[in-house]
Structure formats: structure tokens, C-alpha cells
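Trainee: Sequence:
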Amino acid sequence: MKWRVSIGDKIYGPHKPYGPYLEWDYPELPRELFDYDNGQCVNYAKTLSGIFRFGNAIDWVQFVDSDTPTLKSVVVFDTSHSELGHLAVVYKIDLNKQILIVERNYEDLWVISTRSLDWDDPSILGYVTK
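If you read the sequence shown in the numbering used here, its first letter stands for residue 1, the second for the next number, and so on.
Simulated from the structure, these hints should not be mistaken for lab results. Don't take every hint at face value.
In silico DSSO-like pairs for lysine-lysine, Cα to Cα no more than 27 Å straight-line [claimed, not checked]:
(1) K46 <-> K130
(2) K97 <-> K46
(3) K72 <-> K97
(4) K72 <-> K130
(5) K72 <-> K46
(6) K97 <-> K130
Please take these sequences and the hints and turn them into a complete structure.
Mentor: What follows is the structure, encoded as C-alpha cells:
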């Protein structure tokens, strides 16, 4: 069975092998937005999510307001990948507690990549939703 129902920026439909999911078709951001940027994760996450806070990634732990992800929420990671922490943006949520995130500077400086995690992965300190 193949079906998708779109309501605003949420898309409901089957997702094999896990089941229904919510998805946000995140935009490719124009390169010019980052002409004066340092290539790190924070500016990318702020610009993509529309959630503007200040500080290094690890400083965002003070803004965590949820332990449950929402579409476009910013994922705040611990310092296991970088001593300054790491941020990413949720673009897909599987209802069996899997999330897909888009991030910059996880694989290498300036590189935008995606990956899948459990939404309660131990490296996740929480989510900034607003």
C-alpha cells in the first residue's frame, strides 16, 4: 500500500519497515546565506530551523524545552563528537521513535549530511522546539 497525506508541512504515510511517519521537506539553503559563516553546525541549524539562539552548540542545552522531537526542532548533542557539542535539525520522525536529521559539519567542515537515530539516543541532550 502506498499513500501519503500532506497537512501543512507534515506528511503521513507508510514507512517501511517501521510504519507511519511525519516528514518535512527541508529546503536547500542558498549558499549566499553562509558567505560570512565559519562552516559550523550552529549557523546552519539556526537558519534552517528558524530557531535563533546564541552560543556554541553545547550552550544550547539551556534552551532545551522537550525530550520529544518535532519537525524542524533543533537536536542538541553532547560533546562526544565535538568538545563544543553539536546541533542538527529534525526533518523526519518515524512513529517508532526513529528520527532523521540534517546537519552540517558532522562529517567534515561545510559538509551537509543526513543520518538516522533513535530519538532517545544517549548522545542527544534534548530538543529545542521554539
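Trainee: For every hint, state whether the structure bears it out.
Mentor: To see whether the hints hold, each was checked on the structure:
Pair hint K46 plus K130 holds up; C-alpha atoms about 11 Å apart against a cutoff of 27 Å. As the CA atoms of K97 and K46 are separated by approximately 24 Å, the hinted pair is consistent with the 27 Å bound. Distance restraint check for K72 and K97: the Cα-Cα separation of roughly 16 Å lies within the 27 Å cut-off, and the hinted pair is therefore satisfied. Annotation: proposed proximity of K72 to K130 holds, straight-line Cα distance about 9 Å (limit 27 Å).
For the suggested pair K72 and K46, the alpha carbons sit about 10 Å apart, so the restraint of at most 27 Å is met. With a CA separation close to 21 Å, the supplied pair K97 and K130 stays within the 27 Å bound.
Violated hints: none; the structure is consistent with every hint.
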